Amino acid sequence: MTVTNTSAAQRRVLPGFGLTMGFSVLYLSLVVLLPLSALLFNSTGLSWSKFWDVATDPRVLASYRVSLGTAAAAALVDGFLGLLLAWVLVRYDFPGKRIFDALIDLPFALPTAVAGVSLTALYSANGWIGSMLDPLGIKVAYTPLGITIALMFIGIPFVVRTVQPVLEDMEKDMEEAAATLGAGRLRTFFTILLPELFPPLLTGFALAFARGIGEYGSVVFISGNMPMRTEIAPLLIMSKLEQYDYAGATAVALILLLISFLMLLVINTLQRWARKTSS
Amino acid sequence: MAGTVPIYAAARPKKSSSSPATTESSIVKWVLIGAAGLVLFWLIALPLIIVLTESLKKGWDVYLAALIDPDARSALRLTLLIAAITVPLNTVFGVIAAWAITKFRFRGKGMLITLIDLPFAVSPVIGGMIFVLIFGARGWFGPWLSDHDIKVVFALPGIILATLFITFPFVARELIPLMEDQGTQEEEAAITLGARGWQVFFRVTLPNIKWGLLYGIILCNARAMGEFGAVSVVSGHIRGETNTLPLHVEILYNEYQFSASFAVASLLLLLALVTMIIKSWVTRKSVH
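In the order they appear, the protein sequences are chains A and Z.
Heads up, the first sequence is in numbering that gives the first Met the number 0, so the first residue is 0 and it goes up one at a time.
Heads up, the second sequence is in numbering that gives the first Met the number 0, so the first residue is 0 and it goes up one at a time.
For the record, the hints were derived by calculation from the structure and aren't laboratory data.
Please read all numbers here as calculations on a predicted model, not as lab measurements.
Positions of the beta carbon are idealized from the N, C-alpha and C atoms, including for glycine.
Don't take each hint at face value.
Stated by the list, open to error - Simulated restraints, written as ranges between beta carbons of each label pair: (1) Pro142/Z to Leu29/A: 17 to 27 Å; (2) Leu55/Z to Met173/A: 48 to 58 Å; (3) Phe188/A to Leu63/Z: 44 to 54 Å; (4) Leu63/Z to Met173/A: 56 to 66 Å; (5) Arg195/Z to Gly68/A: 54 to 64 Å; (6) Ile67/Z to Phe260/A: 37 to 47 Å; (7) Phe260/A to Lys284/Z: 34 to 44 Å; (8) Lys138/A to Leu63/Z: 30 to 40 Å; (9) Leu132/A to Leu55/Z: 17 to 27 Å; (10) Leu272/Z to Gly68/A: 31 to 41 Å; (11) Arg274/A to Trp29/Z: 27 to 37 Å; (12) Gly58/Z to Met173/A: 58 to 68 Å; (13) Thr190/A to Leu63/Z: 53 to 63 Å; (14) Phe260/A to Lys150/Z: 26 to 36 Å.
With the sequences and hints as input, model every part of the structure.
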């Protein structure tokens, strides 16, 4: 990583490259890379058949299904809601706009455990919303729907804050041209604006999805943690650790980690694509 | 991945003018604003309001009793201690890494940025678990540590390590795009005029990045004080000893002491609100 060639070295007028780079790499290795590699090394003590047994255990498979399914559903809904919020925030002026804008960051700043207990209180059968939905036969708390709502709360700022700057930078000349040519606002939105907003929307979706897969604090309270139905993968890791089943926990974690890394790759590619289309 | 949104991107002033042809009719406009308001109220404001109403449900006496309870006070002390240790460490790293990455050209830069982002991509539970695998009773160093009577997991060092891991990218991630945009010309001019390395940093770079740095620090701090998943794995939940505020919320909740649990949660909500206020203040500062 510290490859230097003479031409690059000559361009270095500023001091401190060796020192700052050396410190950065050392600190990164100590705090992040070495600890993470423990997961990989720990799995070498794990035979293939044992790994396969754990990874394909019905309860483990069900937990992946719950985690991926609810995270995808939440990110999808957040995509639509986030577009609406970003649109209103960028295009219109209205009283209370500053509070509106600040509130969107709340899920970033609020500890996940607080979100977890308050959403559960809201949606349990005697909570404000739960008691309204209960007579209709809709149960939210302790069902996959509850997990999805918790993940929507966690994911919404990712979509808004990715779409918002792109929407702010958009020139209006294309929209004006479309209007001159007789297109209505709705048609202009779908043919001119939406194609340009699609890359950031997809990036926001991917960010919310990736966060949702690994999320723990806001979910454990509302999910009810029933094996096969509402048990998420991170919780399964937790309970295996509590039973000192390090091998099993490692196997579940490795697959979760693999999915996260794939998402990171997808997000990086998407962001590069979004930057290219917007410039 | 919180914090990947650079502060100045969300705060750029609008440049486009609006004409009747590129705006919606006022009915559509107000319907959309109303719908957005409803979404915001339902999804974000309601959970916030619930914390306050639930915490005061049994009156101020119960509320205050929950906060001055010795276990709550020790959880608050531990949470503050953890933030006081981890935030400065990751801030120093963030500034140094951002300097190395944005002021020089070298091969593998993209790779290094991706590696810094890693903790954002990893589930918090895994972030705690790796330290159990290394330092836990049945982990690599477990036998050696217990022979020498050193506790890492289920003790303060483990909580600090897990929090360091989780909050690792916040400051660096905020500074890198900001310093990338600012380039190196001002610093190079200062060097040419005879300034030393430290002078360049404190007189030229720091004034340019101070708002972005402050934003990164408050985000890092909010996460350090609020982290739940990773800390939950390594803490061992020993009341009065290794219990942080978010873990205390969980313990009280699981004991059906809902009012007390929400009272402690309201402290953390206050932390989030202060973070948001500083954020919007910093955003406005950095625009003007």
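Going down the list of hints, with the structure as the test:
1. Pro142/Z to Leu29/A: 17 to 27 Å: About 22 Å separates the Cβ atoms of Pro142/Z and Leu29/A, which means 17 to 27 Å holds.
2. Leu55/Z to Met173/A: 48 to 58 Å: Taking Cβ atoms as reference, Leu55/Z and Met173/A lie about 52 Å apart, which means the hint holds.
3. Phe188/A to Leu63/Z: 44 to 54 Å: 53 Å, holds
4. Leu63/Z to Met173/A: 56 to 66 Å: 59 Å, holds
5. Arg195/Z to Gly68/A: 54 to 64 Å: With Cβ atoms ~58 Å apart, the hint holds.
6. Ile67/Z to Phe260/A: 37 to 47 Å: 46 Å, holds
7. Phe260/A to Lys284/Z: 34 to 44 Å: 37 Å, holds
8. Lys138/A to Leu63/Z: 30 to 40 Å: Holds - the Cβ-Cβ distance for Lys138/A and Leu63/Z, about 35 Å, lies within 30 to 40 Å.
9. Leu132/A to Leu55/Z: 17 to 27 Å: Given about 25 Å between the Cβ atoms, the range holds.
10. Leu272/Z to Gly68/A: 31 to 41 Å: 33 Å, holds
11. Arg274/A to Trp29/Z: 27 to 37 Å: 34 Å, holds
12. Gly58/Z to Met173/A: 58 to 68 Å: At roughly 59 Å between Cβ atoms, Met173/A and Gly58/Z fall inside 58 to 68 Å, so the hint holds.
13. Thr190/A to Leu63/Z: 53 to 63 Å: Hint holds: Cβ distance 59 Å, inside 53 to 63 Å.
14. Phe260/A to Lys150/Z: 26 to 36 Å: 32 Å, holds
When the structure is compared with the earlier hints, no violation turns up for any of them.
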